[in-house]
Amino acid sequence: MLKTFPKGGVHPPENKLTSSKPIRRLPPPKVVYVPIAQHIGIPAEIVVERKEYVEIGQVIAKSGGYVSSNIHAPVAGTVTKLDKIVDTRGYKKQCIVIRTDAKNESNSKEVEYPLKSEITLDPEAILKRVSDFGIVGLGGATFPSHVKLHVKEDRKLDCLIINGVECEPYLTADHRLMLEKAEEILVGIKILMHALHVSRAIIGIENNKKDAIDLFRKLVPRDAGIQIAALRVKYPQGGEKQLVRALLKREVPKNGLPLDVGVVVHNVGTVFAIYQAVQHNRPLIERVVTVTGKKLENPSNFWVRIGTPISDLLAEVGGIPENTRKIVSGGPMMGKALKNTDVPVTKGTSGILVIPGEEASRGTPRNCIRCGECVDVCPMGLEPHLLMNLTEKTMFEKAAQEDILTCIECGSCSYVCPSHRPLLDYIRFGKTMAKQLESNQG
Amino acid sequence: MYDVVIALIPAFLVSIYLFGISAFITTAAAVISCLLFEYLIQKFLLKTNVTIGDGSGLITGILLAFNLPAGLPIWMVVVGSFMAIGVAKLSFGGLGFNIFNPALVGRVFLLVSFPVQMTLWPLARTDYAGAVDAVTGATTLGMIKDGIQYGDTMSQISSRIPSSMEMLLGTTGGSLGEMSALALIIGGIYLIIRKVITWHIPVTVLATIAIMTGIFWWIDPEQYANPLIHVLAGGAILGAFYMATDLVTSPVTRKGMIIFAIGIGVITVVIRLFGSYPEGISFAILIMNAFVPLINSYFKPRRFGSRIKAKIM
Amino acid sequence: MEDSVLQSVILLTLLGTTAGLVLYVVSKQFYVYENPLIAEIEELLPAANCGGCGSPGCKAFAEKLVSSEDISDLFCPVGGNDVMKIVSGRLGKEVAEKDPTVAVVRCQGSCEVRPKTTEYQGPRSCAISSLIYSGETDCQYGCLGDGDCVAVCQFDAMYMDETTGLPVVITDKCTSCGLCVDACPRDIIEMRPKHKRDLKIFVGCLSEEKGGIARKACSVACIGCSKCIDACPKDAIVIENNLAYIDPLICTLCRKCVPVCPTNSIIETNFPPRKEKKATPNVSPKVEPVKPENNA
Numbered sequence: 001m002l003k004t005f006p007k008g009g010v011h012p013p014e015n016k017l018t019s020s021k022p023i024r025r026l027p028p029p030k031v032v033y034v035p036i037a038q039h040i041g042i043p044a045e046i047v048v049e050r051k052e053y054v055e056i057g058q059v060i061a062k063s064g065g066y067v068s069s070n071i072h073a074p075v076a077g078t079v080t081k082l083d084k085i086v087d088t089r090g091y092k093k094q095c096i097v098i099r100t101d102a103k104n105e106s107n108s109k110e111v112e113y114p115l116k117s118e119i120t121l122d123p124e125a126i127l128k129r130v131s132d133f134g135i136v137g138l139g140g141a142t143f144p145s146h147v148k149l150h151v152k153e154d155r156k157l158d159c160l161i162i163n164g165v166e167c168e169p170y171l172t173a174d175h176r177l178m179l180e181k182a183e184e185i186l187v188g189i190k191i192l193m194h195a196l197h198v199s200r201a202i203i204g205i206e207n208n209k210k211d212a213i214d215l216f217r218k219l220v221p222r223d224a225g226i227q228i229a230a231l232r233v234k235y236p237q238g239g240e241k242q243l244v245r246a247l248l249k250r251e252v253p254k255n256g257l258p259l260d261v262g263v264v265v266h267n268v269g270t271v272f273a274i275y276q277a278v279q280h281n282r283p284l285i286e287r288v289v290t291v292t293g294k295k296l297e298n299p300s301n302f303w304v305r306i307g308t309p310i311s312d313l314l315a316e317v318g319g320i321p322e323n324t325r326k327i328v329s330g331g332p333m334m335g336k337a338l339k340n341t342d343v344p345v346t347k348g349t350s351g352i353l354v355i356p357g358e359e360a361s362r363g364t365p366r367n368c369i370r371c372g373e374c375v376d377v378c379p380m381g382l383e384p385h386l387l388m389n390l391t392e393k394t395m396f397e398k399a400a401q402e403d404i405l406t407c408i409e410c411g412s413c414s415y416v417c418p419s420h421r422p423l424l425d426y427i428r429f430g431k432t433m434a435k436q437l438e439s440n441q442g
Numbered sequence: 001m002y003d004v005v006i007a008l009i010p011a012f013l014v015s016i017y018l019f020g021i022s023a024f025i026t027t028a029a030a031v032i033s034c035l036l037f038e039y040l041i042q043k044f045l046l047k048t049n050v051t052i053g054d055g056s057g058l059i060t061g062i063l064l065a066f067n068l069p070a071g072l073p074i075w076m077v078v079v080g081s082f083m084a085i086g087v088a089k090l091s092f093g094g095l096g097f098n099i100f101n102p103a104l105v106g107r108v109f110l111l112v113s114f115p116v117q118m119t120l121w122p123l124a125r126t127d128y129a130g131a132v133d134a135v136t137g138a139t140t141l142g143m144i145k146d147g148i149q150y151g152d153t154m155s156q157i158s159s160r161i162p163s164s165m166e167m168l169l170g171t172t173g174g175s176l177g178e179m180s181a182l183a184l185i186i187g188g189i190y191l192i193i194r195k196v197i198t199w200h201i202p203v204t205v206l207a208t209i210a211i212m213t214g215i216f217w218w219i220d221p222e223q224y225a226n227p228l229i230h231v232l233a234g235g236a237i238l239g240a241f242y243m244a245t246d247l248v249t250s251p252v253t254r255k256g257m258i259i260f261a262i263g264i265g266v267i268t269v270v271i272r273l274f275g276s277y278p279e280g281i282s283f284a285i286l287i288m289n290a291f292v293p294l295i296n297s298y299f300k301p302r303r304f305g306s307r308i309k310a311k312i313m
Numbered sequence: 001m002e003d004s005v006l007q008s009v010i011l012l013t014l015l016g017t018t019a020g021l022v023l024y025v026v027s028k029q030f031y032v033y034e035n036p037l038i039a040e041i042e043e044l045l046p047a048a049n050c051g052g053c054g055s056p057g058c059k060a061f062a063e064k065l066v067s068s069e070d071i072s073d074l075f076c077p078v079g080g081n082d083v084m085k086i087v088s089g090r091l092g093k094e095v096a097e098k099d100p101t102v103a104v105v106r107c108q109g110s111c112e113v114r115p116k117t118t119e120y121q122g123p124r125s126c127a128i129s130s131l132i133y134s135g136e137t138d139c140q141y142g143c144l145g146d147g148d149c150v151a152v153c154q155f156d157a158m159y160m161d162e163t164t165g166l167p168v169v170i171t172d173k174c175t176s177c178g179l180c181v182d183a184c185p186r187d188i189i190e191m192r193p194k195h196k197r198d199l200k201i202f203v204g205c206l207s208e209e210k211g212g213i214a215r216k217a218c219s220v221a222c223i224g225c226s227k228c229i230d231a232c233p234k235d236a237i238v239i240e241n242n243l244a245y246i247d248p249l250i251c252t253l254c255r256k257c258v259p260v261c262p263t264n265s266i267i268e269t270n271f272p273p274r275k276e277k278k279a280t281p282n283v284s285p286k287v288e289p290v291k292p293e294n295n296a
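Chains as they are written, first to last, in my numbering: chain A, 1 to 442; chain B, 1 to 313; chain C, 1 to 296.
For the record, the hints were derived by calculation from the structure and aren't laboratory data. Possibly wrong hints are sitting among the right ones.
No farther apart than 27 Å at their CA atoms in a straight line, the calculated lysine-lysine pairs in the DSS-like style are these [stated by the list, open to error]:
hint	chain 1	residue 1	chain 2	residue 2
1	C	K196	A	K326
2	A	K398	B	K300
3	B	K300	A	K249
4	A	K30	A	K62
5	C	K173	C	K196
6	A	K254	A	K152
7	C	K196	A	K93
8	A	K7	B	K195
9	A	K51	C	K210
Computed from a predicted model, the values in this text were never measured in an experiment.
With the rest of the complex left out, here is chain A (with noise of 0.2 Å):
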């Protein structure tokens, strides 16, 4: 019996056309364009000036706060402007811009290190390394990981949840990584119970990636505390609450965090990039990107430096296809439709997937019928037509009484709605006026 989360959920088709290309290194790119705003939180600040030559792996952008993160320059080369460059929702925003320096040595050295098993950093060092180097969470939701690793002194933390699920159709980056950086990622994981003080750590895998299963659970010691559980392919089984809720059968509460139920979830990405800091002293510049789509020549797994410009990997997979609508970065579900080509790779860009013309338009919205069947996907228990009314009707304290802020963002109820309707993004929109009025209340 595969383990699961009961209420909700949907399944549309997994495509996972990439599932089986090893992850290919690409050349470092001309030119990198690298945000300042990469990760929830506060934006760094801009340490380096025009002109200034850094070096790969050099700090360029300060942590500007507690839940904020440092940047570090992915190329070694000249900065050439602290320019604005369009994001992933089309308004510009700071970016640093490096031209790489083809001479430097460092920029096409090979990266791949051996294997380090032995953990001989403390807990604090191991902290302190994680914050440095500007490690978040790479499952997309780029959460500042340090924050993450301090638990308090009166919080008890009994288990580690690794996040190896990968729940969005066409993305295999995680996959790719825990096939081929398995041992590694073991690594991390050791690491990061040292670092928590747990003996318990539970890597959930969805049952389409058989492979990687049949692997970790080939090379995990026995007596290491570390389980396998392959879970039943459902979407957003990736999604925190649902997987501690599968894999351990404890409910996050309403407005909470996995820590108040004793558990601390972290993506297989963002345990590779901690492994790579804590044994190798990398900094976290670089991150694999699923290019993908059914019309594309050569749909790949690439390791893409960040701040790559996204014209770049589609120039590697054979261009941009005739009749392309739409190009998204991140998956179908929770992804979001790109402007242009210049927008670059950040640290939290899982994949592009490039859409062609019949798939990529919405039907005309309809009158809400009732049916109830958003209700019966929503995997939080809310009710999104009526989220959806209500914020038509501007009854945002009515909306946040209905628990509109618990909601995760998953689109599974605009994927089911026969209507039509836009339900997450009228949803996504009472949030953000939800929380205005909470904040401007208390």
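Dock chains B and C against the given chain A, drawing on the hints supplied.
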């Protein structure tokens, strides 16, 4: 939407077999006038988008026709359509905004306004090769109600009313859609398989009717008909599978649906046994439609993380 | 027969009298005193209930006017100076006199001059679309065209022009209540003074992009070249973040800035057409020296 039309085809074919061309005419008149009113009102009175293509007008027309006796004067059918579409649906705001089931509003309006013609039930012909029958007869429930009021006991009445098999297959008197329980059930199962509706409302309505009438029948079998008759006769199956399950006018959560269905069952039985009408399901559904917003407020899905029995450390 | 009629009459009369008595007693028992002045002032107000005064409705505003000592900073934009004068007279308190204002849409990026580079299929509400993305064109400061301003106007003073994709303000109907200003997520609509004949001069752009980029996105964008500042005799124009702004309180509507703008970004409305400068008269036709006749 069109799945509902497909599900009603078996019952429609039965009604044509039993009532001949007049069944077809009544249905066609209802459908055409519903669509026509929707088009005219939306285009010229309300000046909004015309939505006759979404199938809801078509279904309202068919269901309205299924609630009427074959051979009802066409102009009455048209008036019923006007009430269904113009008053029950569009004046509330169109699809998705109506509180009451439009087809039932049309039917009840006609019943109350033209009680005589609305209870003239042409006898179904049992052989296809015959000429159109102009003789009218009573429905099963009508015969039971009249009989009891007259003073007969159930054993005396049961020789006069159709057998269960006849009601199942559909050779009794009644409105177009009330004929073949079997055809209607087949269509209902189709809808459940296609995930257009769930089993909760139909099964609960029929179960409530069966249980409640069963209790009364067990207490006094001469005063009250047995539950099988109650489930098969009249508009119970039509109402349970097609009218009460209307998405817009039924609750949103499963728990709410069950409460709704129980309410319909109870009110139907009360009207049937103690009211002056022989059939009560149309009124029962309309009354419960009014309670749906209240049901929706009270029966909300459980919020994730609301059970504090989760271990908080 | 007559008995029953008499009985009915007596019964109904009794019922009616009892009900009347109960109502009378209750109305006296639960009477709430309200200053009759409030109702009087409310009558004077325009009853639009638009919120432009800052109070939730005309009744609330009337209460505020009656209860506040100093009402010099309270103003009803719909009623305007006329109504405030009458209220002032009735209450015996001073009111401020405000110059009439009108809503001005400060983006001229129509479909023609600001081409769309992407297609949007999401909800058509500016509040939502501005949150989701920067717009269908390359200008992230311009009008989204989804009509929140038009929807919120209670006086039918705005409509969306289908060809340009921009909202239009009907000045005669605008009461400057300010709802459209609040509704626009990009602060494109501004209350500017209303002059006679509805004369207006304003910069029809809000782009803070550098000139070249702004111009590429929209051909009538302000590029921050400051030619208008040079032309203005009253120093009414400032440039901040590559964007020019004409201060309406200093501007004297002299129009000197309008023709010098290289992108036609400054808009003038309802001015008479400029007089064409008469062409300088031609030099008198060349007088040919008279060829002496070959006569002596």
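Can you confirm whether the C-alpha distance between C:K173 and C:K196 stays at or below 27 Å? holds, 15 Å
Proposed proximity, C:K210 with A:K51 (alpha carbon, max 27 Å): holds, 21 Å
Pair hint outcome, C:K196 versus A:K93 [Cα-Cα no greater than 27 Å]: At roughly 43 Å apart (the allowed maximum being 27 Å), A:K93 and C:K196 break the hint.
Straight-line alpha-carbon gap B:K300 to A:K249, limit 27 Å: Holds: B:K300 and A:K249 sit about 22 Å apart, inside 27 Å.
Tell me if the straight-line CA distance from A:K398 to B:K300 falls inside 27 Å. holds, 15 Å
Taking only the CA atoms, is the gap from A:K7 to B:K195 under or equal to 27 Å? holds, 18 Å
Hinted pair, alpha-carbon criterion (27 Å max): A:K254, A:K152. Please report holds or violated. Judged against 27 Å, a Cα distance of about 21 Å means the pair holds.
Has the given pair, C:K196 with A:K326, been kept, meaning a C-alpha gap of at most 27 Å? With Cα atoms ~50 Å apart, C:K196 and A:K326 exceed 27 Å; violated.
CA of A:K30 to CA of A:K62, is that 27 Å or under? Distance of about 24 Å is within 27 Å: holds.
Consistency note: the structure conflicts with the earlier hints numbered 1, 7.
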